[in-house]
Amino acid sequence: MSKPSYSISKTKKYVKTFIKLPADVQARVDKSINSDLVPNPYKYKLLKGQYAKLGIHTFGVDAYRIEYMIEEPERLIKLLLVFHRSEGYR
Amino acid sequence: MRRTNTMSLNLAPLLVPQVLTHRGFPSSDMIPRKVHEAQLDKITIEKMEASAKAITENLAMPLLSVPAGSIESYITQNMDAITSFEINYLEQITKIPDLTKTIMAAMPEITKELESEKIGPAFGKDIHDTFHDALTLELFNENFFTNKFLNNGISNKLDMQAQMSLLFTEFVGAGIDINELFNVSVKLFAVFIGLITGLMDNDSRQEARLRELASLASRYAEEKDSLITTFEITSNKETKAELDEAYREAINQAGQVV
Chain A
1 MSKPSYSISK TKKYVKTFIK LPADVQARVD KSINSDLVPN PYKYKLLKGQ
51 YAKLGIHTFG VDAYRIEYMI EEPERLIKLL LVFHRSEGYR
Chain B
1001 MRRTNTMSLN LAPLLVPQVL THRGFPSSDM IPRKVHEAQL DKITIEKMEA
1051 SAKAITENLA MPLLSVPAGS IESYITQNMD AITSFEINYL EQITKIPDLT
1101 KTIMAAMPEI TKELESEKIG PAFGKDIHDT FHDALTLELF NENFFTNKFL
1151 NNGISNKLDM QAQMSLLFTE FVGAGIDINE LFNVSVKLFA VFIGLITGLM
1201 DNDSRQEARL RELASLASRY AEEKDSLITT FEITSNKETK AELDEAYREA
1251 INQAGQVV
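So the sequence lines, in the order shown, correspond to chains A and B. Just so it is clear: in the first sequence, position 66 is 66 by this note's numbering, and no numbers are missing. All you need for this note's numbering is the position in the second sequence, starting with 1, plus 1000.
Just so you know, these hints were derived from the structure itself, not from any lab. Heads up, some of the hints might be wrong.
Claimed, not checked - So the derived label-pair ranges between C-beta atoms look like this: (1) B:GLY1124 with A:SER7: 27 to 37 Å; (2) A:GLU72 with B:MET1079: 25 to 35 Å; (3) B:GLN1253 with A:HIS84: 19 to 29 Å; (4) A:GLY55 with B:GLU1180: 11 to 21 Å; (5) A:ASP24 with B:ASP1080: 45 to 55 Å; (6) B:PRO1108 with A:SER35: 17 to 27 Å; (7) B:VAL1172 with A:LEU54: 17 to 27 Å; (8) B:MET1079 with A:LYS20: 22 to 32 Å.
Given the structure is predicted, the values throughout are model-derived calculations rather than measurements. Each residue gets a CB set at the ideal place from its N, CA and C atoms; glycine is no exception.
Construct all of the structure, not just a fragment, from the sequences and the given hints.
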């Protein structure tokens, strides 16, 4: 019997950052989470340094990055934050 | 063996270990012809062709000759030689004026060609899709790097070496392992070259190797993206504070499923 799919949990911070996104981006992010992230959450890498130790992964949708954690054995993906990656101009 | 028609493709990789520089792969038949004719003189084209030949022989062919399933171990075992070759190659490339602009102008066309499977039609679509996604991700990071690099240089009026030093310092200050970033960039470049060469040769007997190269490209591109994303988070106080707050919230959250 195959393992159950991962469920999604969202922090308030994730929701707060998500609702600021343009509607079309929100739709793309949701679609990618369901089609790419949920079936294979370990495919996407851990952040480095202190964040790797905390088990925080990063998943990209276009120029946006979604930071998340995986909780086992609950098979839960906790979405922490979504933000727009800059293009190097700062 | 049916070779892809490169005359109509005007293809070209690629991207370079950006830690060293931000120049691209020079093969004259891979550059969009209009850009090519407008920007590159005969001597430049000859230099590009010589570089393309060298990179095919020294990087692509070995990757396309090792037994399928052994490509990553081949890269690991030959990392010093691959790195040395790429550094030497990049030093040559940086002497060719306007090449970066030319290569970057060609990239959207290359990704379109991949998406539509005009390159390497003998292979499964999954290879094209995986390569396309890895290349798109790498292009995003390449643009970030190039912009950051140029921005530093312009705002501080620095020469190239000083710009690189400043950029390295910023990365180290953000807790990024420069060696890790450098190594993954070298590996990514090598597998991209192997992939694009294999796709253009369009020999279906290479299917297993190209599938392996595409998988490696995806993994290395994600690895590099995580390094640069970490850099962005740790070097931006606001984003860092938001992530730290979200993490604290998550560990206090009792598995509330939304």
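Going down the list of hints, with the structure as the test:
{"no.": "1", "hint": "B:GLY1124 with A:SER7: 27 to 37 Å", "result": "holds, 32 Å"}
{"no.": "2", "hint": "A:GLU72 with B:MET1079: 25 to 35 Å", "result": "holds, 33 Å"}
{"no.": "3", "hint": "B:GLN1253 with A:HIS84: 19 to 29 Å", "result": "holds, 24 Å"}
{"no.": "4", "hint": "A:GLY55 with B:GLU1180: 11 to 21 Å", "result": "holds, 19 Å"}
{"no.": "5", "hint": "A:ASP24 with B:ASP1080: 45 to 55 Å", "result": "holds, 47 Å"}
{"no.": "6", "hint": "B:PRO1108 with A:SER35: 17 to 27 Å", "result": "holds, 24 Å"}
{"no.": "7", "hint": "B:VAL1172 with A:LEU54: 17 to 27 Å", "result": "holds, 21 Å"}
{"no.": "8", "hint": "B:MET1079 with A:LYS20: 22 to 32 Å", "result": "violated, 43 Å"}
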